[in-house]
Amino acid sequence: MRTSFEITLTTWKALFLREAVARLFAGRVAWLWMLLEPVVHITFMLFIFTVVRMKTVGGMDVVTWLLSGMLAFLLFRRTGTQCMNAINANQALFTYRQVKPIDTVLVRGGLEFLLLLVVASILVAVTALLGLATLPDDPLELVVSILCLWLLGVGFGLMASVAKEMIPELGKILDLLMTPMYFFSGVIFPIGSIPPPYREWLMLNPVAQGVEAIRLSFSSYYHAIPELNLPYLYASVLFFVFIGLALQVRYAGRVVTR
Amino acid sequence: MIVVKDIYKRYRTEHGLGEWVLNGVSFTIPPKVSVGLVGRNGAGKSTLLKLIAGTDMPTRGNVERHCRVSWPMGFGGGLQPSLSGRQNAKFVCRLHGRGEDLNARIAGIEEFAELGAYFDEPVKTYSSGMRSRLNFAMSLAFDFDVYISDEVTAAGDAAFKNKAKSAFKKLTDHASIIMVSHGEGTLRDFCTAGIWLNEGKAYWFDDIEDALKAYKNSLPAEDARMLKSPPGKNRQESVKSLSLASPVLKAGLGGKPRTVQAQHVTGLVRQAKNAGLILATPEQIASLGFVLNEGASPILMSREAESKITTEYFDLNNQCSY
Numbered sequence: 001m002r003t004s005f006e007i008t009l010t011t012w013k014a015l016f017l018r019e020a021v022a023r024l025f026a027g028r029v030a031w032l033w034m035l036l037e038p039v040v041h042i043t044f045m046l047f048i049f050t051v052v053r054m055k056t057v058g059g060m061d062v063v064t065w066l067l068s069g070m071l072a073f074l075l076f077r078r079t080g081t082q083c084m085n086a087i088n089a090n091q092a093l094f095t096y097r098q099v100k101p102i103d104t105v106l107v108r109g110g111l112e113f114l115l116l117l118v119v120a121s122i123l124v125a126v127t128a129l130l131g132l133a134t135l136p137d138d139p140l141e142l143v144v145s146i147l148c149l150w151l152l153g154v155g156f157g158l159m160a161s162v163a164k165e166m167i168p169e170l171g172k173i174l175d176l177l178m179t180p181m182y183f184f185s186g187v188i189f190p191i192g193s194i195p196p197p198y199r200e201w202l203m204l205n206p207v208a209q210g211v212e213a214i215r216l217s218f219s220s221y222y223h224a225i226p227e228l229n230l231p232y233l234y235a236s237v238l239f240f241v242f243i244g245l246a247l248q249v250r251y252a253g254r255v256v257t258r
Numbered sequence: 001m002i003v004v005k006d007i008y009k010r011y012r013t014e015h016g017l018g019e020w021v022l023n024g025v026s027f028t029i030p031p032k033v034s035v036g037l038v039g040r041n042g043a044g045k046s047t048l049l050k051l052i053a054g055t056d057m058p059t060r061g062n063v064e065r066h067c068r069v070s071w072p073m074g075f076g077g078g079l080q081p082s083l084s085g086r087q088n089a090k091f092v093c094r095l096h097g098r099g100e101d102l103n104a105r106i107a108g109i110e111e112f113a114e115l116g117a118y119f120d121e122p123v124k125t126y127s128s129g130m131r132s133r134l135n136f137a138m139s140l141a142f143d144f145d146v147y148i149s150d151e152v153t154a155a156g157d158a159a160f161k162n163k164a165k166s167a168f169k170k171l172t173d174h175a176s177i178i179m180v181s182h183g184e185g186t187l188r189d190f191c192t193a194g195i196w197l198n199e200g201k202a203y204w205f206d207d208i209e210d211a212l213k214a215y216k217n218s219l220p221a222e223d224a225r226m227l228k229s230p231p232g233k234n235r236q237e238s239v240k241s242l243s244l245a246s247p248v249l250k251a252g253l254g255g256k257p258r259t260v261q262a263q264h265v266t267g268l269v270r271q272a273k274n275a276g277l278i279l280a281t282p283e284q285i286a287s288l289g290f291v292l293n294e295g296a297s298p299i300l301m302s303r304e305a306e307s308k309i310t311t312e313y314f315d316l317n318n319q320c321s322y
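Protein chains in written order, with the numbering used here: chain A, 1 to 258; chain B, 1 to 322.
Since the hints were derived computationally from the structure, they do not count as laboratory data. Because the structure is a prediction, the values reported are computed rather than measured. Backbone N, C-alpha and C define an ideal beta-carbon position, used for all residues, glycine too. The hints are all genuine.
If you want the ones that stay clear, here's a sample from chain A, every Cβ over 12 angstroms from chain B, calculated:
id, residue
1, F47
2, T50
3, T56
4, L114
5, L115
6, S121
7, V124
8, T134
9, K172
10, L174
11, Y221
12, L228
13, L247
Which residues of chain A face chain B? A partial, calculated answer using Cβ under 10 angstroms:
id, residue
14, T11
15, A14
16, A22
17, A26
18, A89
19, L93
20, F94
21, Y96
22, R97
23, Q98
24, A252
25, V256
26, T257
The calculated label-pair distances, taken between Cβ atoms and stated as ranges, are:
id, chain 1, residue 1, chain 2, residue 2, range
27, B, K169, A, L147, 53 to 61 angstroms
28, A, N88, B, S128, 16 to 24 angstroms
29, B, G61, A, V249, 13 to 21 angstroms
Using the sequences and the accompanying hints, generate a full structural model.
Spelled out as structure tokens, the structure:
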């Protein structure tokens, strides 16, 4: 007889390999698109920025600013959406009682983290080699901020995946919400350029906080938005993950039942 | 040993909570005893199987498994459509912690499932028969103490059915089976004990014959209920007049009335003709004073022929439902 812990580990391993195959080799060169998405976004935005002759944002080189912000946001969005769809996509696998809904969500989160880590390392290394961007100044702060954004994504996914199963319409609304999130998180325009009362409201968004924290860790000379509040970021991470786990525990049985 | 303790189950439907499918079911399946589940369509047989296998949770009560129990095999569940048969098989091997002899097991599954080149094609391109073959082959690759089978022997063509049957027979030497089947022969072949499910309750029988008898005794009245009584007459009268007419009148598709595709009905009618049964025309039915359910094909048959056709017909029915 295997212990519960061993069973969970083997389940995660099996799910991870299955998800990785599906994610990387589902279509023709599916893995290439993963790399191209941020490249295309960044190149396009860089073109716009050069047209308006912007060299720096808040004292930070514009390439580094865009690159770090975009990768930070993608870490949240990809993890969030992949986790959100995990339960629905793996419905067939709940035939095996070892597989619990939460396993599929967590495994997808882990896979997405690894994939984006590879993509980000390639992009940062290449741009640094070309002299276009800089390497992070404060690696430790970077690690913490990355973890925060990833956990925000996982927490969101944990909540959304259950919510979507309970109320299918909610899935569509959450998908719709992801697009404005792109703007409200200060990925392509500096939130710092918005006047105070509105800026404070925008900075209530924990993803915007995370994006800004990652930028700050890239360059210590960066004039981060004054509303950047790291304790607030950590607290919202805890809140997201806690509520997400609680929902999974509470509604695990009902999600499996069809 | 599997202990089922006072379980209740109902599903959530679009109109709120559904009826109780299982209403306080308790029994203990001793080790090495193979059990057949019988009951009408919709009596909760598949639900009970899923609860025993741990695929689904009971609304109340619990199930204790003191042995290795398989997943419910047979209805093509548990396969990821976008991945190939091989990838699905690999996943299941890994899931059961069989990483070390993975290749040998995969080879075994490939050989038994007889899918040929399709083994490396996505499962969504498979026919239903191929899907259940793969599912069946996968479950045979592991040593469970109890196998859960939902109509597994009804899958595939005649050759595969025989192969599945003999593989199943070999299993029963060291393992037991909990199965749902509408084929009485299949149940008699594999099971010693039986459980009859009726109106949310489960009745345990040490002998499968007794379970089948109890199930059959409950049937005629049920069948009569499928025919809508004409306006002005109540149901009791309809049942009486039905038993007065010496040939038993059966509506074409057993259990509850449901929509079926036309080809299934004609298949059933052809089978009935081959078995030498007379088909009643709608006029004949009307002359007996019955109104036929929509989509049902009427068959007029003698009592001797009835038992014969029930088994055959149910097998056919199961192939249709895939």
